[in-house]
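Novice: Listed here are the chains, written in short residue letters.
2 protein chains.
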Amino acid sequence: MEYFKKEILELDPYIPGFQPVGNDYIKLNTNENPFPPSPKVLDSVRKYVNRELNLYPDPLCSGLLEEAAKFFKVKSGNIMAGNGSDEVISLIFRACINKGDTVAVTFPTYSLYKVLAEISGASVKEYFLNEQTRIPGAMIFSKAGLIILSSPNAPTGCAFDKRDIEKLCESNRKSLIVIDEAYADFAEENYLYLFKKYNNVIITRSMSKSFSLAGMRLGFAVSRKKNIDVLLKVKDSYNVNRLGAQAGRAAFRDRKYFDRTVRAIKANRAYLARNLEKQGYSCFPSQANFIFAKPPCGAAKLTGFLKKKKILIRHFKSGWLSGYVRVSVGNRKEIGRFLSESRKINKTEG
Amino acid sequence: MEYFKKEILELDPYIPGFQPVGNDYIKLNTNENPFPPSPKVLDSVRKYVNRELNLYPDPLCSGLLEEAAKFFKVKSGNIMAGNGSDEVISLIFRACINKGDTVAVTFPTYSLYKVLAEISGASVKEYFLNEQTRIPGAMIFSKAGLIILSSPNAPTGCAFDKRDIEKLCESNRKSLIVIDEAYADFAEENYLYLFKKYNNVIITRSMSKSFSLAGMRLGFAVSRKKNIDVLLKVKDSYNVNRLGAQAGRAAFRDRKYFDRTVRAIKANRAYLARNLEKQGYSCFPSQANFIFAKPPCGAAKLTGFLKKKKILIRHFKSGWLSGYVRVSVGNRKEIGRFLSESRKINKTEG
Numbered sequence: 001m002e003y004f005k006k007e008i009l010e011l012d013p014y015i016p017g018f019q020p021v022g023n024d025y026i027k028l029n030t031n032e033n034p035f036p037p038s039p040k041v042l043d044s045v046r047k048y049v050n051r052e053l054n055l056y057p058d059p060l061c062s063g064l065l066e067e068a069a070k071f072f073k074v075k076s077g078n079i080m081a082g083n084g085s086d087e088v089i090s091l092i093f094r095a096c097i098n099k100g101d102t103v104a105v106t107f108p109t110y111s112l113y114k115v116l117a118e119i120s121g122a123s124v125k126e127y128f129l130n131e132q133t134r135i136p137g138a139m140i141f142s143k144a145g146l147i148i149l150s151s152p153n154a155p156t157g158c159a160f161d162k163r164d165i166e167k168l169c170e171s172n173r174k175s176l177i178v179i180d181e182a183y184a185d186f187a188e189e190n191y192l193y194l195f196k197k198y199n200n201v202i203i204t205r206s207m208s209k210s211f212s213l214a215g216m217r218l219g220f221a222v223s224r225k226k227n228i229d230v231l232l233k234v235k236d237s238y239n240v241n242r243l244g245a246q247a248g249r250a251a252f253r254d255r256k257y258f259d260r261t262v263r264a265i266k267a268n269r270a271y272l273a274r275n276l277e278k279q280g281y282s283c284f285p286s287q288a289n290f291i292f293a294k295p296p297c298g299a300a301k302l303t304g305f306l307k308k309k310k311i312l313i314r315h316f317k318s319g320w321l322s323g324y325v326r327v328s329v330g331n332r333k334e335i336g337r338f339l340s341e342s343r344k345i346n347k348t349e350g
Numbered sequence: 001m002e003y004f005k006k007e008i009l010e011l012d013p014y015i016p017g018f019q020p021v022g023n024d025y026i027k028l029n030t031n032e033n034p035f036p037p038s039p040k041v042l043d044s045v046r047k048y049v050n051r052e053l054n055l056y057p058d059p060l061c062s063g064l065l066e067e068a069a070k071f072f073k074v075k076s077g078n079i080m081a082g083n084g085s086d087e088v089i090s091l092i093f094r095a096c097i098n099k100g101d102t103v104a105v106t107f108p109t110y111s112l113y114k115v116l117a118e119i120s121g122a123s124v125k126e127y128f129l130n131e132q133t134r135i136p137g138a139m140i141f142s143k144a145g146l147i148i149l150s151s152p153n154a155p156t157g158c159a160f161d162k163r164d165i166e167k168l169c170e171s172n173r174k175s176l177i178v179i180d181e182a183y184a185d186f187a188e189e190n191y192l193y194l195f196k197k198y199n200n201v202i203i204t205r206s207m208s209k210s211f212s213l214a215g216m217r218l219g220f221a222v223s224r225k226k227n228i229d230v231l232l233k234v235k236d237s238y239n240v241n242r243l244g245a246q247a248g249r250a251a252f253r254d255r256k257y258f259d260r261t262v263r264a265i266k267a268n269r270a271y272l273a274r275n276l277e278k279q280g281y282s283c284f285p286s287q288a289n290f291i292f293a294k295p296p297c298g299a300a301k302l303t304g305f306l307k308k309k310k311i312l313i314r315h316f317k318s319g320w321l322s323g324y325v326r327v328s329v330g331n332r333k334e335i336g337r338f339l340s341e342s343r344k345i346n347k348t349e350g
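Chains as they are written, first to last, in my numbering: chain A, 1 to 350; chain B, 1 to 350.
Hints listed in this document are in silico derivations from the structure and should not be mistaken for laboratory results.
Derived DSBU-like pairs (lysine-lysine); straight-line CA-CA distance at most 35 Å:
hint	chain 1	residue 1	chain 2	residue 2
1	A	K308	B	K226
2	A	K114	B	K125
3	A	K99	B	K233
4	B	K309	A	K75
5	B	K301	B	K114
6	A	K226	B	K307
Partner residues aside, some chain A positions facing chain B, computed with beta carbon under 7 Å:
hint	residue
7	Q19
8	P36
9	Y56
10	D58
11	A95
12	V230
13	V234
14	L243
Ideal Cβ positions, reconstructed from N, Cα and C, are used throughout, including at glycine.
Kindly generate the complete structure, drawing on both the sequences and the hints.
Specialist: This is the structure:
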């Protein structure tokens with residue numbers, strides 16, 4: 001085994017949320033969109049299930065990028081498509097991290113960043129968030145080689161303050177700054193414009209949440225063309241499969257469906273938050289498609305109790321997070337089932 | 001740009017074969033299978049184009065691995081699925097290469113290995129092949145951290161001698177040895193069994209060629225469970241998309257279709273070789289789904305001439321390869337068109 005890197009052998013892998021086989025679970029544990037993909041997307045993908053699957057995909061995903069460019073209102077040369085935004089983020093690490101470099105992240109945040117840093121042999125500097133919407137001063141002046149943050153952040157759902165993000169960009173002109181906007185479509189504002197203002201900013205986006213396409217694996221990097229060209233050198237030639245590219249194209253085109261489902265999720269989020277508070281939970285104000293909340297009965301107890309009822313939510317065990325649960329914003333029926341089971345062990349309601 | 005790694009900024013990216021948009025080309029340039037995927041595969045994938053595409057795929061690809069295990073006659077714990085074997089190979093590099101390590105490859109071979117080594121900051125030791133089926137003695141005793149070879153090799157199509165491969169494994173017990181068998185289904189024999197004999201061997205396989213699924217991106221690593229477990233730590237959680245996994249499952253199950261199409265390609269390969277020789281080409285004996293051959297009229301001239309006729313073949317420009325062209329084994333109609341155009345500028349036929 002000595003042929004593997006020491007840091008890989010010692011690594012604790014990223015553990016994704018439980019993916020049950022079959023349909024008998026209510027899945028509120030991995031922030032999927034409760035709505036199916038647009039019917040237009042399904043029709044369009046079905047048409048592409050044809051004899052041409054024997055051919056490699058277009059390495060540049062030109063058709064997909066054209067639609068993405070319209071949606072993001074940027075040029076297609078400012079975008080790279082990936083096999084999920086996880087792949088995009090992983091490519092960024094491969095393009096910029098040397099062993100011994102420093103990666104600055106917040107705590108809490110999406111735990112994949114730390115895993116990727118460790119795979120690259122980087123040291124991770126974690127900045128503890130006191131207020132979930134504010135970037136700590138020490139991080140703003142960190143000057144780490146790579147600074148990566150998620151806004152809205154996981155698992156709290158809070159978006160960072162605009163002034164802080166701008167200050168961070170202003171103070172780290174030589175760092176690569178990555179803003180992971182996987183949840184930005186559910187937020188009041190987003191930071192896509194920053195890549196135009198700062199050469200060294202890459203925004204990542206995902207179609208897994210707001211486009212209901214987690215199963216198709218589509219994510220994007222948006223940045224200056226110069227940066228995109230470097231990332232293209234590192235990516236596998238055919239990283240997005242034919243049906244994935246087609247699903248993405250069709251989904252970007254059906255703007256109406258996107259708007260309608262995103263609006264519904266935001267309304268459901270407000271409904272869920274209101275009812276969680278009625279049951280005595282304390283909730284972070286969410287800008288994402290999930291709510292991070294502290295249940296009165298205890299987080300581990302609630303998670304275990306619901307699992308027996310075939311309702312999955314997410315419970316993280318590190319630090320103060322362990323008092324909280326992360327509940328994805330399902331549809332009204334799923335939220336109803338969740339709330340009614342939760343009520344049974346959180347009896348503070350009047 | 002100083003935030004990117006120096007070696008990435010300096011890197012010449014891997015350049016994939018030209019993928020035209022539309023159907024008006026005869027594509028003999030990227031070793032795709034001329035047959036469509038099995039009708040059973042298309043039917044099965046169509047059924048999976050449903051509302052569940054909003055859910056993440058199974059991170060372990062359990063259903064796919066079960067079928068792969070039956071096909072390869074190994075346990076599913078000995079297999080990892082990837083987004084094409086390119087991704088699998090890239091994960092192996094990430095798991096084992098530190099900056100400054102040495103990667104041993106043959107020349108010629110699949111040029112991606114060199115690109116991946118450079119991305120990782122490794123130095124590449126290239127061993128020049130004199131006989132295309134024999135591994136040079138110096139490589140057999142190389143002791144590089146990672147030794148990677150392709151058998152059948154690209155772009156020559158020649159498989160390596162069994163005794164040489166075994167000797168290589170025997171002499172490099174502390175190296176990681178990767179045998180890329182993307183084309184092995186077209187060969188007389190394969191080296192899958194070696195992972196059982198040697199702890200430090202990983203075999204990679206692809207569904208792009210022999211299963212007609214280049215558009216779906218499916219590849220595998222087959223090795224000791226211990227090695228697979230390390231690779232799993234490095235891979236993105238959801239690297240294989242839902243429809244890809246389903247296509248792979250269905251393709252492994254339709255063994256009859258696989259056998260029939262592979263047999264047809266081997267017969268077409270023999271037909272193509274015979275006719276190339278009649279036209280005065282000198283051909284390497286191919287164990288793959290392409291033929292590497294030296295056209296009497298010159299390789300660049302032939303490639304340019306055919307492109308104007310909307311027939312694509314591959315021409316590599318490095319070293320002695322530049323005298324040759326690589327022609328994928330198409331169907332009989334495609335081969336017929338290719339041969340008849342080729343005859344026009346290679347007039348040595350009697």
